[in-house]
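**Q** Those protein sequences? They're chains V and A, same order as listed.
Just so we're aligned: the first sequence equals residues 63 to 348 in the numbering used here.
Just so we're aligned: the second sequence equals residues 10 to 272 in the numbering used here.
Think of the hints as simulated: they come from the structure by calculation, not from any bench.
Output of the computed footprint for chain A on chain V, the stretches with three or more beta carbons under 8 Å from beta carbons of chain A:
id, segment
1, 230-237
2, 243-251
3, 292-302
Sample of chain V residues facing chain A (criterion: CB under 8 Å; computed from the structure):
id, residue
4, 100
5, 102
6, 240
7, 287
All C-beta atoms in this analysis are idealised placements derived from N, C-alpha and C, irrespective of residue type, glycine included.
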Amino acid sequence: MIQAWREFLDSWALFGTAYLTGWFAALLLALLGVLVVARRQVLIGLAIAQASTFGIALAIWLGELLPSVSHHAHHGPPLLASIGAAVVAAWATLGPASRGRVPDAVAAWIWLACSAGAVLLLAHSPHGTEEVETLMFSTLLGADDHDLWMFGVATVAAITVIARNRRALLLTATDRETARALGQPVDWIDRGTAWAVGLAVGSTLHATGTLYTFGCLVLPALAARYLCSRMVQMLWVAPMLALACSFAAFVIANSADLPPAQVAIAAQALVLVVARLVPLLRADVH
Amino acid sequence: MQLPPQATDPDEPATPPLLELTDVRVGRGRLPVLDGVELSIRAGEHWFVVGPNGSGKSTLLMTALGLLRPRHGRVLRSPALQGSRHVGYVPQRVTLDAALPTTVAEFLALGLVGSGVRRMQRRVQIGAALMLVGLAGREARPFWQHSEGERQRLLLARALARRPRLLVMDEPTASLDPRTAEDFWSLVARLAEDEELAVVCATHDLRAAARLATDIALCTLPAPGERTGGVVHARRGGPAPHDDYTIAFGRAGALLSGAETAS
Numbered sequence: 063m064i065q066a067w068r069e070f071l072d073s074w075a076l077f078g079t080a081y082l083t084g085w086f087a088a089l090l091l092a093l094l095g096v097l098v099v100a101r102r103q104v105l106i107g108l109a110i111a112q113a114s115t116f117g118i119a120l121a122i123w124l125g126e127l128l129p130s131v132s133h134h135a136h137h138g139p140p141l142l143a144s145i146g147a148a149v150v151a152a153w154a155t156l157g158p159a160s161r162g163r164v165p166d167a168v169a170a171w172i173w174l175a176c177s178a179g180a181v182l183l184l185a186h187s188p189h190g191t192e193e194v195e196t197l198m199f200s201t202l203l204g205a206d207d208h209d210l211w212m213f214g215v216a217t218v219a220a221i222t223v224i225a226r227n228r229r230a231l232l233l234t235a236t237d238r239e240t241a242r243a244l245g246q247p248v249d250w251i252d253r254g255t256a257w258a259v260g261l262a263v264g265s266t267l268h269a270t271g272t273l274y275t276f277g278c279l280v281l282p283a284l285a286a287r288y289l290c291s292r293m294v295q296m297l298w299v300a301p302m303l304a305l306a307c308s309f310a311a312f313v314i315a316n317s318a319d320l321p322p323a324q325v326a327i328a329a330q331a332l333v334l335v336v337a338r339l340v341p342l343l344r345a346d347v348h
Numbered sequence: 010m011q012l013p014p015q016a017t018d019p020d021e022p023a024t025p026p027l028l029e030l031t032d033v034r035v036g037r038g039r040l041p042v043l044d045g046v047e048l049s050i051r052a053g054e055h056w057f058v059v060g061p062n063g064s065g066k067s068t069l070l071m072t073a074l075g076l077l078r079p080r081h082g083r084v085l086r087s088p089a090l091q092g093s094r095h096v097g098y099v100p101q102r103v104t105l106d107a108a109l110p111t112t113v114a115e116f117l118a119l120g121l122v123g124s125g126v127r128r129m130q131r132r133v134q135i136g137a138a139l140m141l142v143g144l145a146g147r148e149a150r151p152f153w154q155h156s157e158g159e160r161q162r163l164l165l166a167r168a169l170a171r172r173p174r175l176l177v178m179d180e181p182t183a184s185l186d187p188r189t190a191e192d193f194w195s196l197v198a199r200l201a202e203d204e205e206l207a208v209v210c211a212t213h214d215l216r217a218a219a220r221l222a223t224d225i226a227l228c229t230l231p232a233p234g235e236r237t238g239g240v241v242h243a244r245r246g247g248p249a250p251h252d253d254y255t256i257a258f259g260r261a262g263a264l265l266s267g268a269e270t271a272s
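This is chain V alone, in the form it adopts within the complex (with noise of 0.2 Å):
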């Protein structure tokens, strides 16, 4: 364990940058995906993942049909593809204009459309289907200090709106009815999810792929469910467990020489059987 924490630090010089960029990523979307797990929309997160990985291959293949566009393979085109076809998922399945749809067939089918979409855009591509494979399957290492600035910044922001709104937040999240009746403008809340969920998405899943990002986005918040006794806990135990199965993860990871983004998920995924199970043995014990 000391050995692979001592590597884990001699590793610092070369990928510290995206270690930080993937810890302030985990408590971002964590964060965020409480709001998504209160809705009942887990699946939303994937759509909106997968619309993303669309974008991205849409700016790559408009750079190679024109070539004055440029596609440089992390900043600009691609990015704001990245964000613009989130926050259009997010806007379709947590905005407004959702309301009286079912949200699993939204997510369904911005899922399917876009999964095909983005392997059709660049099924004569020379490197672009590897690109969005790689995408799919997480790119941690690949983070710079842009990254790492934009996600800073979003997670602060978002720290900061979410903890003076929160139950504003949850109750139109949970009993829309009655925020609506008790005066919460519920429509603004609705926009500003969809912007946040979708520009938090969009710009993590262009740093580290979709596996990352719907991960982080849902299962900390799930995992939560079962150890918080009040929604409100979830906000802060939610992003801790991110940010602790990350931080392990990147150790194992690094020691081991596995993929990180995929330890990380894999060890929330695990947090999530073992948190399921503290609620039956509290029970067994009362």
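Could you slot chain A onto chain V? The hints should help.
**A** Only chain A this time, still in chain V's reference frame:
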């Protein structure tokens, strides 16, 4: 529909209305639903909004809550309501996901959103509201350990925690068995009297309406050739409306309550 008089003094000077709808036309989407609505709701009054499905009961409640703007006429809300601060709302049922953890205290605290109540005061108001509904001391208990009837009382407590002057309820007993519903109505009637609340309640429970209402707003479906329905107001002890539909509806209510036999 003529309701039997209650023990209230008709000569007593009327308090200013908390909510007043004057010649209101409202609708959903492009379609108007209700037209010519005239209501004046005061503290201590217990309004039951009744009528068949699709007649505009929920539309009327949404208008009362300020969620629907009238297309014609005006809706005046008393400054005593301070916007929505002193408005309580009880929905038909709990929509919270049962997989989400929550305590009774947290559930009630969510209902205080936008009320401007600070932390210490929040505890006091939650405790007082639980006492009013007969569930004192349950703050730390998991919400989902309560029965359906208790959860409905907790919904009522959540509304009462705001110390409302106007309490709006949308079919609050729809998911309850008759006996639990009866207990719920008795509780609401007692609270309305003790707390001087104005209660506006949409329901299909004509028995409760005939027994407890000071006023009934009967939402009517559009007459043949008409596009909108209307609202017929009947006041306990007041003159009876004359149209056949309202009389038939009133008889049904009276029969259910045992207050009157059909002639």
